[in-house]
Every structure is written in structure tokens, then in C-alpha cells.
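Engineer: Spelled out from the first residue to the last, the chains are:
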Amino acid sequence: MASSLSSFPPQLAAPRRRSTLSSLSWARALSPAQAYFLASSPSSPGRHCVPLQVRCNAQTIVASDLTPGTPVRPTSVLVVGATGTLGRQIVRRALDEGYDVRCLVRPRPAPADFLRDWGATVVNGDLSKPETIPATLVGIHTIIDCATGRPEEPIQTVDWEGKVALIQCAKAMGIQKYVFYSIHNCDKHPEVPLMEIKHCTEKFLQDSGLRYIIIRLCGFMQGLIGQYAVPILEEKSVWGTDAPTRIAYMDTQDIARLTFIAMRNEKIDKKLLTFAGPRAWTTQEVIALCERLAGQDANVTTVPVSVLRFTRQLTRFFQWTNDVADRLAFTEVLSSDTVFSVPMNETYSLLGVDQNDILTLEKYLQDYFSNILKKLKDLKAQSKQTDIYL
Amino acid sequence: MAALPVGGAGVSGQSKLNCPRFLGWPSSSLPGNPRFRRHPVSALPGSQFENSNDEKEETTRVGEEEKQGVSLTLDDVNPVGLGRRSRQIFDEVWRKFSGLGQISRTPTDEGLLDTVLIRGPMCEFTVPEAQDTTVLVVGGTSRIGRIVIRKLMLRGYKVKALVRKDDPEVVDMLPRSVTIVVGDVGEPSSLRAAVSGCNKIIYCATARSAITGDLNRVDNQGVRNVAKAFQDYNNELAQLRAGKSSKSKLLLAKFKSVESLEGWEVRQGTYFQDVVAAKYDGGMDAKFELTESGDAVFSGYVFTRGGYVELSKRLSLPLGSTLDRYDGLLLSVGGNGRSFVLILEAGPLADTSQSKLYFARMSTKVGFCRVRVPFSSFRPVRPDDPPLDPFLVHTLTIRFEPRRPKPVEVPSGNKQDPRSFKLILEYIKALPTGQETDFILVSCTGAGIEPNRRDQVLKAKKAGEDSLRRSGLGYTIVRPGPLKEEPGGQRALIFDQGNRISQGISCADVADICVKALHDSTARNKSFDVCYEYVAEGRNELYELVAHLPDKANNYLTPALSVLEKNT
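Here the protein sequences line up with chains A and B, keeping their order. For the first sequence, the numbering used here assigns the number 1 to the initial residue and increments by one for each residue that follows. For the second sequence, the numbering used here assigns the number 1001 to the initial residue and increments by one for each residue that follows.
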């Protein structure tokens, strides 16, 4: 276990000791505004989290050296993580509002054609390979970063090292604005690796000297579809916990819309916003809602949080199951009776958004079920015919 | 299937397939293969969960399976198959289990997200009509055109783009699923392929220079050519359906033979019942006849003060068609450029004494021209009558009354007496009403162009607009203020008619208007100016800001356009 944790940045690996150590390291080493940090970091012990592939000397870091030249158009944005649940909505919204969108996607055998079909430009790059980043940032005004590593990936390559490289690169290349999506309450749960990393990235971004907006999110409604709605419709078992945690789910389309309003607002510069849905729901409530809308009872398997927690404790004992333990880390959050929600009134008035325009979960699921049930009916009518032929 | 009793029997023991068990997988020959096919194909489009496990299967473990000893075969105890199956089951259980420990998972299946949440009805951009609409975008690489194409793609339209050269650089600018047609708006022959299969056209091409030739080719002739090609295509379609298509005009009268003049009667009258005055006036006369050259000519003179002559006919519509499905009248006329009054009599056919009169003025040019007179421009003769209902129209009258000659207007060379007239009638048709616009033209207001070039540019644009209006297509002409390259949807917009606007507008907003106008009945046959709302700087505000920003779902276009004049 120890060896696996040592590959983490120290402030991540030892969350309990963080408070004393971390503030020091952020101030001193992680601020790219100070030009020497890149050269100095290899010598400073225990800070191998800072990738060294981006080498730039002090002259290029000064953004004023870049200003005479062709000014970048404020409509050019780079979306990192464009193929994700949130990312694709961001891309669509951006295109619809008239931005020129460039998407940074990992080179893969099946390219993300849908992004090109919508009119975005796709460039290949990989956050875990920092040498591929700089070329993708040429001519970009704003970076919107909604990338998160996939669950099967080791968490620190994309989410920490990759992000640090990206932020440094953005700073060095004089990017005008950086929008970063984080997780709500990430500062309160240092024991969860992903949240800890998000929190560290927030800090890093704040110290970088870039103009930034950090947006903390609670949960996506889109995620509920695959988790509950589809299994209920297909009459498969739904797994839920009895955790009392409440999450204020939000529609990703709303998140995208609010993001662009915030991005254009000069007053919201170097600020941290939290977006939450209109109401916070527990797992049980969501399942009950799905059941009501689908008109059929779900086959619910309730797993007590204690079991989850026990599994996590168990898996932490072995090095080879550590990855598993990390994935179960949210258990701690789940069992902590937290409410993942914030009052949004202030944010609404800051952005000038009407509260009634924000989609509620009831409405969202209702739309989904009415659409799907209609489609299912059509399909069933067809499949009945084919049954006869069989 | 009979060849595979081993695999079939083993699977059928726990398969939940609804279909007959022996017909499921006829072609499989590998012993382990049926296992992977046994799950019922999910009814949801695109949802292909690798393991669509039932509750029953989840709890099934390797040991239990072996105890179902009834139909045990060699295949069922095959250790490789068993291992694979148990691993699948374990994976599925574990996936669900570990999913519990996370706040919000990315759905494992991207196909599901795509079909329902992104492309499907759950998306805020989705327009229901988009699926069966093909839009031709002319000028797809222009500042507005690029955004128009993206917006159309997001909404699920089929898009064709007309480009001048099949240049990889140009083609790369466009999304890949856009159909690219190579052609030049200056070349009518190259446009036929472009318009075929299209339902709508958005024209946002503009000349790249202010050279007259360029302007003429793109902004004037280009619009004309595209509109003509589209109209030809529509006519072709209309012919295929024997004139019954909703796009066909209704022929009310065609004047080509002596017979066709029957039923039209010439009448005269005066507005004043002043016998004394009439004595001193020169009187009036009019006739309607077919000349030797085959023209139907309505000509005469009116010297009497307050007198008029008119040509009138009771309309006989073809069976099954009523005028309320039409939008206005189209007259193809020639003559010496007098102005006439069209009068429609409307009322129940049985009792013509109850008919009400409606009038609209129609001015003609010297020589031949086509005049559109929308029903909406007819006003009741008696002001307290209800507005015209085209359904009740039964009689059409063309009336000539001499207008007082304007003193300034009479040049010395013009010896023509304004009280005599000549009107050559070719045909009268009713224009089909369309719910939607067919052709959206992005023109310009002229604000923001260098003053010495402005007249030239505006002249070409104006000519283009005019040819579109005359084409008979449902049109929408958008005249934006000076374009700005910034994101749209940020500021309130002003829609106006009459060249009064002062502000700029972002390209994205213009594109949004174009896309919204496609299916908006209020946008049909309208020309309007659009720009940002004027925002006073500092403390110079005179008025409070009342307008709202366009937000998520609101359709700002319909209310904004419904107050504007039609057929402008």
C-alpha cells in the first residue's frame, strides 16, 4: 500500500498531514508565476508530481511578450474532455452560441466523429503526454476543462499531472481564461483521491496567475439515466444504497448554459462558483421517482453503506486492490450524511438567470420516460410482427 | 438448430428468451458461442449492455449452476466456459457494486447517451421538423454561414452547402456530414443540382469586394439565380403532382383568347352625384378587348371629375379550392404605369346585397411587371366593417380613377394625359399561402459600410431583394446591422422595418434568427432590420431597459416579427 501511495503527490498521499505541508508547497512550488519553479522542482524532494516536460524559460512565461502579434479571437475556445457527458454539452452550447470550438481528444482508433459533425475542430492530444499540449493551444482564447480520467485509469496521470501540465502550458502561452470544473465539497473530503486532486488543482489554478473560473458541480442528471432509469425500464435490478446523502442533480445542458453566461461576465473573474440543481435527492427518492414515472416497480437491491465501507477497508489492505479502494472512496462521502447542494439564489442573480429556467429532476425524468415509453411502444409493435415470422 | 442439441439444451435451461428456443442462433457452430447470444436484445435503441443480467443470473454462481443437473451436458461443465461465465457475472455485480461508491457515474454506454440525450428529444436544440428538412446554405463559409451550418447540424437538419470550389481547405471548414455541392451562384446551370431535394434555402453569401461586377454577380444575380432554380425545382415538383401541390399558385384568370374575356364587364361611375358638374366634364369611356397581337387590353379615359371606370368579374374558383388557402393576388400586367384600385367583394354568395367591399391600391410600372397584392393590404370601404375574409370573396374589380396630377411630376416632354390609361392583362393568380418561409436572405442595412461604397452595395442588395420578392417564393429578408464577431444570445435585439437601426449585431445572433425563421410562420414574406438594442452609456439613459435577454427556451422571434408588416 505504501508503495502505491508514494506515487501520489505527497499532499494527496497523506491527507491527514496535508494542512501543514500543502500550503507551503503550493505557495512555493506550484505557482507558475514564479518562473523558477520548473527548474527547481526536480531538486525539491517529494514533489515529483510537477511534470517537467514543459520547459519554458522566464521570457516566454511573461505574457506581455506575447501580446504584440495577432490577437486571438475571443470566440475561440478549447474544450478538454469534449467527449464526456458534460463536455459534449459544452461543445454543443458553444457552437450554438457562435464560438469556434476546438476539442482536445485523445488519439484513439474510433475517432470522435460526432464532434466534427457538429462543426467543431478536433485536435489530438493527451494530457498524460504533456509534449502534445502546446500545439493545441495556439490561437485559443479560453480553455474549458471538463476532463476527468476514466474510472479504470490511474487517477493521477490525467487528473493531476495532466492538469498541472495543461495549466502551466496555458499560463506560458498566455491563455486569457481558464474554466475548470471541480466537485462540490472537494475541500471537505481529502480522503477521496479524486476530490483531493480536484481541490489541489483548484489551488494550483488559483495560484497560477491565470484568469480563471472554477465551477464546482454536484451531480449530473444524465448519469441517473444509465444508473436507474434504464435498468428499471428493462426490468433489471437496480442497486442503491441506504445512504442519507442528498445530491442536487443538475442537467448538463443547464450547466453548459450557465457556464457561458459566467464566462462572458467580466465580474465573474477569478471566482469560484458552485452550481447545484433545484433540489437535493437521496438515492431512494430518485428510485421512487423513476418507479412512479415508469409505472412499474423496480427490482431494488439495497446495499447498506456499512458493507461498502467494509469492502473499502478490506481492499485497502492489499496493494493490488488499492485501485478498487480508490474507486470506493466515495463511500466515505456517502456515509457522511452530506448534502451536496448549495443555495443558488446568489449565483442566479449574479449571472442574471431566472430560477425557473433551470430544469428540475422531476421534469427531466418525466421527459425521458415519456419519450422512451413512446419509443418502446413503437418498437414493441414492430417486434411483435417479427415474432410471428420467427 | 437440430445440429446443435448440446448447446441449445444447455442454454435453454435458464434462458429467458421469449422466442422459440430452437431458432435463436442457427449459425453458431462453436460450442461456447451460444452463451454470448443468449441475452435478449435490449429493446432500447443503442443500449447494449454487455451483460443484461437478470436478478436470477446475478445470484447464480458456478456451484449452483452445476446443481441444475437435469440438462447437464459436456458443454456445461467445460471449465473455460464456466470460468468465462462466472467472470462475466462477477464483473457485472462488481460494476454495480462499485458504482454505488461514486457520486455520479458516466454511463457505460455512449450509444444510449447519443440517441436519446444528445440527438434525441431530450436535447434542448432539437427541432421536431428538422428531421425531414433539407436546407441549402449558400455561402456556408461566410461569417454567418459557418454558424448557420453548425446550428443546423446541432438541430438535426440535413444540410447542403454550396461552395464555389471543391477545395480541401474550404471543405475542411465544414462539418463532415454536410453534403457539399460545387457550384457558382453566378452560373444558373450549376445551381440545379444544388437546389434539388432542398426544402429551404438560407442565402448568406455576399460579394467579397465592392467591385460592381462582383456585387452584381453575387448579391443581385446570385439571389435571382438561386431563387429561380429553387422555384423551377418547386414547379417541377408541382407538375409531378399535377398542380395540386401546396406550392402551386391558383389561376384565377388568364387572358389569351376572346373567350377568356367573357364575364368581365366594364362599368363606369362617379363618386359625386353632381349632375351640374358632370355636364361640363369631358365624360369617360373604357373598353376591354383583345388586340390583334393577342393582348387583353383594358384602356380608356376618365375626364369626369370624380369619375371612374372599372373592370369586374365574378370569380369562379375551381372545385375544392377556396381563397382562404391563399395569401394574396399576383397580377401580371403591362401598360402605361397608372395606379389602380383593386376591389374585392366579399359576402355570402346567395345574397350579394350583403356583400362588403374591400379595396387595395396597386401601382404598376410602364411596361410589364408582376404585382403582388396581399389580402392583408385590403381595407374595408366602410371603416366599421370587419377585415377581409378571403374565403367569402366572390367578385374582383379593377378600377381606374384619375389621381390629381402632382404639379412637380409633370415634365415638359411628357405629353401623356394622366387621365387616360392602358392596362394589358396577362393573368391573375392567387398566391399560395405557406406556413413557412422558403428562402432566407441575409442582406444588409448599409450601416457600417464606407460611405462611398454604400450606394453601390445597397443597390445590388436591393436588386437582389427585389428579385427574391418577385420570385413567388416565401421569403424572409434579414438586414442585420454591422456584424460583430462575438458570441450570440447576450443582448436584446431590436427588430424594425424602415432603415432606422444604428447598432451592430453578432454573427451568431443573425445565424440564430435565420435558423429560427425556418419554421416560423410569422417570418414568411417579411423583410426586417435587426440589431442590438441601444444601450446608453453612462448616465445618458433616457429610458429604462425593458427588453429581456433571449433566454433558454423562449422564442423571441415570433412576437418580434408578428407586429411587423408582411410582404415588405
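Hints should not be assumed to be uniformly reliable.
As the list claims (entries may be wrong) - In silico SDA-like pairs for lysine to any residue, Cα to Cα no more than 25 Å straight-line:
| id | chain 1 | residue 1 | chain 2 | residue 2 |
| --- | --- | --- | --- | --- |
| 1 | B | K1462 | B | L1483 |
| 2 | B | K1158 | A | D113 |
| 3 | B | K1516 | A | L359 |
| 4 | B | K1422 | B | Y1308 |
| 5 | A | K375 | B | T1126 |
| 6 | B | K1484 | A | D113 |
| 7 | A | K267 | B | Y1532 |
| 8 | A | K363 | B | V1127 |
| 9 | A | K377 | B | Q1131 |
| 10 | B | K1484 | A | I268 |
| 11 | A | K374 | B | A1130 |
| 12 | B | K1459 | B | L1396 |
| 13 | B | K1484 | B | K1422 |
| 14 | B | K1516 | A | D117 |
It is worth saying that the hints were derived from the structure and are not from the lab.
Engineer: State for each hint whether it applies.
Structural biologist: Checked hints:
no. : hint              : verdict
1   : B/K1462 / B/L1483 : holds, 19 Å
2   : B/K1158 / A/D113  : holds, 16 Å
3   : B/K1516 / A/L359  : holds, 22 Å
4   : B/K1422 / B/Y1308 : holds, 14 Å
5   : A/K375 / B/T1126  : holds, 16 Å
6   : B/K1484 / A/D113  : violated, 30 Å
7   : A/K267 / B/Y1532  : holds, 22 Å
8   : A/K363 / B/V1127  : holds, 19 Å
9   : A/K377 / B/Q1131  : holds, 21 Å
10  : B/K1484 / A/I268  : holds, 23 Å
11  : A/K374 / B/A1130  : holds, 19 Å
12  : B/K1459 / B/L1396 : violated, 36 Å
13  : B/K1484 / B/K1422 : violated, 51 Å
14  : B/K1516 / A/D117  : holds, 20 Å
The earlier numbered hints that this structure contradicts are 6, 12 and 13.
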